[in-house]
Each structure stands twice: as C-alpha cells, then as structure tokens.
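Participant: Using the hints, position chain H against chain Y.
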Amino acid sequence: QKEVEQDPGPLSVPEGAIVSLNCTYSNSAFQYFMWYRQYSRKGPELLMYTYSSGNKEDGRFTAQVDKSSKYISLFIRDSQPSDSATYLCATRSGNTPLVFGKGTRLSVIA
Amino acid sequence: GAVVSQHPSWVICKSGTSVKIECRSLDFQATTMFWYRQFPKQSLMLMATSNEGSKATYEQGVEKDKFLINHASLTLSTLTVTSAHPEDSSFYICSSSPGGGPEQYFGPGTRLTVT
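Going down the list, the sequences are from chains Y and H. Residues in the first sequence are numbered consecutively from 1, following the numbering used here. Residues in the second sequence are numbered consecutively from 1, following the numbering used here.
To be clear, the hints were calculated from the coordinates, so they are not data collected in a lab. Values in this document were obtained by computation on a predicted structure and should not be read as measured data. Glycine is no exception: its CB is placed at the ideal position from the N, C-alpha and C atoms. Each hint should be verified, as a subset may be incorrect.
Every beta carbon over 12 Å from chain H, so not counted as near; a handful from chain Y, in silico [unchecked claim]:
id : residue
1  : S12
2  : N27
3  : E57
4  : F61
5  : T91
6  : G94
DSS-like cross-link-like pairs, simulated, lysine-lysine; straight-line CA separation at most 30 Å [as the list claims (entries may be wrong)]:
id : chain 1 : residue 1 : chain 2 : residue 2
7  : H       : K20       : Y       : K42
8  : Y       : K2        : H       : K55
9  : H       : K66       : H       : K20
10 : H       : K64       : Y       : K42
11 : Y       : K2        : H       : K14
Same shape as in the complex, but just chain Y (with noise of 0.2 Å):
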C-alpha cells in the first residue's frame, strides 16, 4: 500500500461548482499535511498547510484532516477556470521529506 493515495482523475466541473478532493494516507506518525497547487510547466505552489486534526480555511479554498481516518480533504468554494490545475496532497512527519500523493487533475469549465 502506498503511502499516500489520491485518485488521480482528471476531474472536470463547471464554473462555480464546490470541489472536494482528497487522500488517504497510511502512516500514523504523518502530522502536518499540504495541498499543493501546480499548474503545467511550473512548480507546486503550497495553498494549505495543517498540524494535526482539524479544518482551515483560506478564502475560497477549506483544507480538513482527519487523523482517526486517516483521510485528507480540499474543498474549493466557488471554483473558476483559473483553478484548473494538478493538485497535490502531501505530508510529513518531522523533518523527513515530504510524501506527495500522485495528485489529482481538475479541470473547471466556465
């Protein structure tokens, strides 16, 4: 099992549409999670990051984990076309590297 799962899409929805994307991830010792955006050609540019169980919230976007589950979420409010891109679910523990999830393509149609 690795240890991080995403579903890869590609995920297509219209123009204000509410996005959910998410992982499972296998490691308890995993406790700060980042979602990544990376649009093609560029590099992943961080959009959340969360210590532990809990939600935050940034503008239009929500990052959620939970730990008992194992299971992390980004919810995109009000998506447009600008956010049509890769997005990627990584995490840690310590100062090990980071382990991504394959990531998930979306794309939003206006």
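Facilitator: Frame of chain Y; chain H shown alone:
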C-alpha cells in the same frame, strides 16, 4: 510565502554533456534543500536531500555520480547532471523550508531536454 528561484527555467543540451541547475532561496536561509524530478503527468519523485556544508543524501536508485549536488551556502544549492542522456530529460524542481519548518516551498522548476 517564502521564495525559491531556479535557473535556468529551460535548458537543451546534447547527449554526453553536463548541465548545472541552480536553486536559490531568496528571502530565507535554506539549511536543507530537496531536489525532485517529475515526468509528464506524474507526481514528484524525491532525488536527494542536501544539507549546507555536507554531502547530499540520495534516494534509492538515484546515481550520486550522475546527479551531483552541491550546497555550499545557505542560499544556493546546485544540481549537475553529468554525461546527460535523453532519458535524463525531465522537469527538475528544488524546494526548501524556511527555518527548517514543516512548510516546504518549491522553485518554478527547470525543464531539461537532452538531444
């Protein structure tokens, strides 16, 4: 967020030559830098972890004599692809964490094409 830059953004080289890619932290000191490669439509694959002033730690399967990493200062790490071959063509990305914290920031990436 913190800013990481890379140079060049795109390089084409002939098979057998060497290419150097620079990674700089612009607004923080980077004790540790990570180097990744990414093939089209795939996730990032960690190649090595470099610590300022010491030898890099390479992931299993990554040839350290082919991918030379130098981290001589707190703001600069370099990756040199030696004797490049077409199969080395990929997207190379570096990252680092300000203050060694958990948040990791990535550079814009370098696209290497070996002909």
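Participant: Please go over all the hints and tell whether each is borne out by the structure.
Facilitator: Here is how each hint holds up against the structure:
Listed as outside the interface, Y:S12 is consistent with that label: its C-beta sits roughly 16 Å from the nearest C-beta of chain H, beyond the 12 Å cut-off. Annotated as non-interface, Y:N27 keeps its C-beta farther than 12 Å from every C-beta of chain H; the closest such distance is 15 Å. For Y:E57, the non-interface assignment is confirmed: its Cβ lies about 17 Å from the closest Cβ of chain H, beyond the 12 Å cut-off. Against the 12 Å criterion, Y:F61 stays outside the reach of chain H, whose nearest CB is about 14 Å from its own CB.
Chain H draws Y:T91 into its interface by the beta-carbon criterion, the shortest separation being 10 Å against a cut-off of 12 Å. For Y:G94, the shortest C-beta to C-beta distance to chain H comes to about 8 Å, within the 12 Å cut-off, and the non-interface label is violated. Simply put, H:K20 and Y:K42 have alpha-carbon atoms about 19 Å apart, close enough for the 30 Å limit, and the pair holds. About 29 Å separates the Cα atoms of Y:K2 and H:K55, which keeps this hinted pair within 30 Å; it holds.
Annotation: proposed proximity of H:K66 to H:K20 holds, straight-line Cα distance about 12 Å (limit 30 Å). Distance hint between H:K64 and Y:K42 is fulfilled; the C-alpha atoms sit about 25 Å from each other, no more than 30 Å. Taking the CA atoms of Y:K2 and H:K14, the gap is near 36 Å; set against the 30 Å cutoff, the hint is violated.
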